[in-house]
Each structure stands twice: as C-alpha cells, then as structure tokens.
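Protein chains in written order, with this note's numbering: chain C, 1 to 170; chain B, 1 to 80.
To be clear, the hints were calculated from the coordinates, so they are not data collected in a lab. Among the clues, some could well be false.
Said to hold, decoys possible - Covered by chain B, per the in silico footprint, the following chain C stretches (three or more residues, Cβ under 8 Å):
{"id": "1", "region": "72–78"}
{"id": "2", "region": "132–144"}
Stated by the list, open to error - A few chain B residues that don't get close to chain C, going by computed Cβ distances all over 10 Å:
{"id": "3", "residue": "A15"}
{"id": "4", "residue": "Q66"}
{"id": "5", "residue": "G68"}
{"id": "6", "residue": "S78"}
Unchecked claim - Taking beta-carbon pairs under 7 Å as the criterion, some of the chain B residues facing chain C (in silico):
{"id": "7", "residue": "L8"}
{"id": "8", "residue": "G9"}
{"id": "9", "residue": "P10"}
{"id": "10", "residue": "G54"}
{"id": "11", "residue": "A58"}
{"id": "12", "residue": "A72"}
{"id": "13", "residue": "P76"}
{"id": "14", "residue": "V77"}
{"id": "15", "residue": "G79"}
The beta carbon of each residue, even a glycine, is placed where N, CA and C say it ideally should be.
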Amino acid sequence: MARKSRCCPRSAVARLALSGPLDVRLLTGGLSVGEALAAFNAAHPQAGGVASFLGKVRPGAGESPVKALELTHYEPLTLSGMEQLAGQAFARFALDGVLVWHRIGVLTPGEGIVLVAAAARHRRGALEAVDFLMDHLKSAAWLWKRERRGSGWHWIEPRAEDHAALARWQ
Amino acid sequence: MTVRIVFLGPLRDVAGEAQHEARAPLDWTGLLAAVGPQIAEQLHGERVHIACAGKVIADKTALLAQDGEEVALLPPVSGG
Chain C
1 MARKSRCCPR SAVARLALSG PLDVRLLTGG LSVGEALAAF NAAHPQAGGV ASFLGKVRPG
61 AGESPVKALE LTHYEPLTLS GMEQLAGQAF ARFALDGVLV WHRIGVLTPG EGIVLVAAAA
121 RHRRGALEAV DFLMDHLKSA AWLWKRERRG SGWHWIEPRA EDHAALARWQ
Chain B
1 MTVRIVFLGP LRDVAGEAQH EARAPLDWTG LLAAVGPQIA EQLHGERVHI ACAGKVIADK
61 TALLAQDGEE VALLPPVSGG
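Please put together the full structure from these sequences, using the hints given.
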C-alpha cells in the first residue's frame with residue numbers, strides 16, 4: 001500500500017536556486033542556513049568539498065547579557081564591497097563558488113548574523129576561503145554593529161585581534 | 001545647491017543626527033566646519049574614512065562634493 005505523498009526526496013534538495021558562482025546578499029529578514037547551504041551545494045555539483053561558517057549573536061555572559069544586536073550598513077558601499085571581497089576569495093582560492101550572506105537590522109541572541117560558504121575541488125581551498133572571508137567581514141566590510149545591554153546601546157569597536165587576523169592575508 | 005553629509009555608526013550618536021545638509025560645493029575645510037568640532041577632530045585621525053558620491057576617497061583633504069552629492073563619514077567598521 002503506497003501512501004499518498006506529494007513529497008519526494010529529490011524535491012527536498014533545494015527549494016532555493018542560486019545563480020552564478022558568487023551569491024552575495026544583505027538580508028533584512030531571517031537567515032535560513034539549511035536552505036542556503038542546500039541550494040549552494042546543489043549549485044556546485046562539481047565541487048569536492050563545501051566549507052561554511054555561521055556567525056551568531058552571542059548571548060553574553062554574567063551581569064550584562066546582550067538583549068539585542070543591531071547592524072547598520074551604507075547602501076552605496078556595503079553590498080558592492082562584499083561582492084568585491086567574494087570575487088577576491090573566488091580567484092585567490094580557485095573556488096567553484098562563494099556564498100556571502102550578511103544580516104542587517106536588529107537581531108536577538110542565537111540568531112545568525114553571517115553565513116559564508118565556499119565550494120572548491122579540494123578541502124584546503126574551501127576552508128581557507130571561509131577563514132579569509134570572515135576575517136575581512138569582521139573588520140574590512142562597511143558594517144557597524146552595536147549591542148543593547150542593561151545599560152543601553154554600545155557600539156562595538158573592532159578588536160586588535162581582528163586587525164591581526166586580517167593582516168595575515170596581506 | 002546642497003550636499004548631504006551622512007553620519008554612519010557611532011558618528012551618528014556624536015552628531016546627534018543621521019544626516020546634515022551643507023552648502024555645495026563642499027571641500028575638506030567646509031566639511032570640517034559643517035560637522036562641528038567633535039567630529040572634525042575624529043576626521044583628522046586615520047580611522048575615519050570619507051566616501052563621496054558612493055566612492056571612498058583616498059585623500060580626504062581632496063574632497064570636493066558637488067550639488068546633489070552625498071558625503072558619508074565612515075568610522076571603524078565591525079561586521080561579522
């Protein structure tokens with residue numbers, strides 16, 4: 001007795017279609033990691049490996065937990081800068097594809113802020129590309145971040161280790 | 001005949017406004033005068049960049065914004 005079902009395994013692979021080797025987005029709504037990675041994987045069948053990183057809002061510790069995080073951008077620069085960065089990673093690590101999705105707006109602890117993924121023939125290129133992309137997004141993309149704690153909003157300054165991490169690639 | 005000055009990130013709090021209209025054309029000296037002493041001091045440092053008409057300019061002091069253009073003041077970034 002076959003059960004009636006409109007769902008088949010193949011249709012669950014990727015509902016979202018990505019076009020081209022570089023998929024760079026600024027998102028105002030939620031970031032669906034599973035859907036993004038399924039689509040990215042489906043878009044690069046020739047790759048030998050896909051590496052990814054999801055950055056999330058930390059809840060904070062101790063007496064002043066983070067209640068919210070806000071990311072602002074500058075329309076004329078931010079997305080085009082991220083596209084350039086994705087292009088650099090694509091060329092430098094001989095990738096098959098790059099995905100760079102960044103949230104803007106107000107987020108709460110546990111939510112995804114940034115998702116990057118790299119598809120390559122071999123794992124080293126994919127892993128290094130993700131590291132490269134994150135180091136640049138942290139301190140060389142046109143984004144500004146502030147946190148709301150008990151005492152109000154506080155802007156986040158780039159840390160010395162963020163600059164050191166970036167310098168590794170120069 | 002105006003140039004719009006846009007304050008990004010923490011500079012918005014210092015300015016007390018998100019943007020400010022200034023008379024065109026606007027050069028470096030005009031910008032410093034338009035934004036007030038606190039922001040002018042930060043502009044003198046290396047950490048704040050300036051974009052004019054959607055492009056980051058390499059030499060801030062060479063700024064020359066024309067009527068209808070936007071000048072963005074870009075403090076140190078923090079993404080990811």
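Earlier hints that do not hold, by number:
Numbers 6, 11, in rising order.
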